[in-house]
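J.: Numbering (the numbering used here), first residue to last: 438 to 1061.
Misleading hints may appear alongside valid ones.
[Unchecked claim] Computed Cβ-Cβ distance ranges for the label pairs, DEER-style:
hint, residue 1, residue 2, range
1, SER1040, PRO578, 50 to 56 Å
2, LEU840, GLY640, 23 to 29 Å
3, GLY799, PHE1001, 58 to 64 Å
4, HIS932, MET1004, 20 to 26 Å
5, ASP649, ALA861, 26 to 32 Å
6, PHE1001, GLY782, 28 to 34 Å
[Claimed, not checked] With a cut-off of at most 16 Å between alpha-carbon atoms, the simulated EDC-like pairs for lysine to aspartate or glutamate come out as follows:
hint, residue 1, residue 2
7, LYS517, GLU983
8, LYS682, ASP515
9, LYS976, ASP924
10, LYS976, GLU964
11, LYS935, GLU1054
If you are wondering where the hints come from, they were derived from the structure by calculation, not from laboratory data.
A quick note: this is a predicted structure, and the numbers were derived from the prediction, not measured.
The C-beta atom is built at its ideal place from N, Cα and C for all residues, glycine as well.
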Amino acid sequence: MSENNDQNRLASLSLAALGVVYGDIGTSPLYAIKEVFGGAHHPVPITPDNVIGILSLIFWSLMVVVSLKYVLFIMRADNKGEGGIMALMALALRPIAPGSWQRRLIMVLGLFGAALFYGDGVITPAISVLSAVEGLEVATPAFRPYVVPISLVILVGLFAVQRRGTATVGAFFGPIMVLWFLTLGTLGLFSIAHDPAVLRALGPWHAVRFFDDNPILGFFALGAAVLVLTGGEALYADMGHFGHKPIQWAWFGLVLPALVINYFGQGALLLRDPEAIANPFYLLAPDWLLYPMVVLSTLATVIASQAVISGAFSITQQAIQLGFTPRMEISHTSDQQMGQIYLAGINWSLLAAVIVLVLGFGSSSNLAAAYGIAVTGTMFITDLLAFVVARYVWGWPVWRAFLGALPFAIIDLAYFSANSVKIADGGWFPLLFGLAVYLLLSTWKRGRDLLSAHLAMDAMDTRSFLQAIAGARRVPGTAIFLTSNPDNVPHSLLHSLKHYKVLHERIVLVSVHILDVPRRADGSRVEVVHLASDLWLVKVSYGFMEQPNLPNALAGCAAYGLHFDPMDTSFFLGRETLLPRLNTDMCRWRGKLFVWMFRNGGSAANFFGLPANRVVELGTQVVM
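Input sequences plus hints: build the corresponding full structure.
T.: Right, here's the structure in full:
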């Protein structure tokens, strides 16, 4: 009975993974083959040898980069079950000494990889929806002027419904993607049946021969062929939601066969009719199926876009918890499923960037030039971080870790190099977008470190404070003061004593720690230290995937003899007002940027889930 339940759960999770994990890579057949043989950037001539060579390259890229690298190797680098570039960075940082150059390098790599992910989050909705709607042009050229407007309407609608969350529609994602992949495989099989010679591409020597015969063209072809790998990072990023087994089962059981069969079917179509390069995906379908295919493709691309948008929300939450971005208002859109969140600021920023992309580039083919460099950049950074994890976390010998990561790094670097030649044709966008996001993340981290160091210089240690307040007047009630450093007295407490000339009967210092693990078990969330008869220190720990709720966490202090009456408890928060100065430890423009980010950051009270009617904020000016 238990075995049947496990199998049913595995099947259910595999179905759900189809609707979230594989939307991006699953919609690549819409534009990948078209871009290789008919794109504006060094298209490959349609000859039997070239078609077989490219199909061989596609097949073995999927096998090596996705199947071997992500499904079998990278997914081993799970951070307590969680995956993704930020989780991988946190895992890689764990054994590295604080303040070392290695730690700074890993942080730079992780932050830039995360920044490139945001670029992917902008490009994926734009290119996916555009490529789906472009199917209308196959039906009749009369639809051509309406492709961009229809795409914009779909995209605006997609981002507009984000605040409702994906919990209600998530149940439909899996079945739709099952239908999508079955359709891909069926259309591909019918085409292969007319020209089974394309199955020769399963041999890797055909890819080798293609590069041997066309070294320069082969290099440029990599820049387009990488489109079949877009979305591979999602397999690792979404591991925390489903686990590695459902993702592996869905990949090998349905997604990989359907993709390979469809790519080979498009290749067989081109061998029969080179003119089909106008849109080989839609021309696989019979005429009567064209409009239903446009509808199904649009649904699939919306699902693919949804997954990337949700991923942007998740990675932003991780960045907030790890201290790389200011606090933002996070809305939980489901009370039943963990991880269903919505961030309005990120949502509307992504939409604005997507609209600019669609209007600026105008077609999926033009956008393809911008797509690959973001994907390959993130993939290469993942290789480097995986090497660190294998060497210092898993304890592999240097040679084993090096040989384990080297083949993947060489392949990803080759793809990245091929895409770098398209920087002027659109590849500049994800690099510029990623650089902007990286500057925001790194500036916030650096500014917070400097601010903490500045505040620490004026701090009073707890022992000295206890001696100084021996004769202070007391008023009834409990006062909770948040502090970032449990060894020092928070400035809010000192300012409270300075202004009110009294102290509460019971004072509790609360220090919140964000760990390098996704989640902390509730049983070990709080640590209570009794410093004096009327002074307590409470350390609260959260994982980087958790949303803090201090009132709920403090309820756990009852097990240590520390009880709170909500109506008799006040929360005191420090609120610093930053004043920039000319001579700062950061360059002038970064200092002003940090001050702007700090002033526009979210409320600490909202972030920690504090009751608004029990919060007192005490301000202080800090010259930065």
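J.: Compare the structure with each hint and give your call.
T.: Structure-based check of each hint:
Evaluation of the 50 to 56 Å hint for SER1040 and PRO578 yields a pass: the beta carbon distance comes to about 54 Å. Remark: the range hint 23 to 29 Å for LEU840 to GLY640 is upheld by a beta-carbon distance near 25 Å. Distance hint for GLY799 and PHE1001: a CB-CB separation of about 59 Å, consistent with the stated range 58 to 64 Å. A beta carbon spacing of about 24 Å between HIS932 and MET1004 agrees with the range 20 to 26 Å that was offered as a hint.
Evaluation of the 26 to 32 Å hint for ASP649 and ALA861 yields a pass: the beta carbon distance comes to about 29 Å. PHE1001 and GLY782 have their C-beta atoms about 33 Å apart, which keeps the hinted 28 to 34 Å range intact. With a CA separation close to 13 Å, the supplied pair LYS517 and GLU983 stays within the 16 Å bound. Note on LYS682 and ASP515: the hinted pairing holds, with a Cα-Cα distance of about 13 Å set against a maximum of 16 Å.
About 11 Å separates the Cα atoms of LYS976 and ASP924, which keeps this hinted pair within 16 Å; it holds. The hinted pair formed by LYS976 and GLU964 meets the criterion: a straight-line CA distance of about 5 Å does not exceed 16 Å. Taken as a hint, the LYS935 and GLU1054 pair is honoured in the structure, with Cα atoms around 14 Å apart against an allowance of 16 Å.
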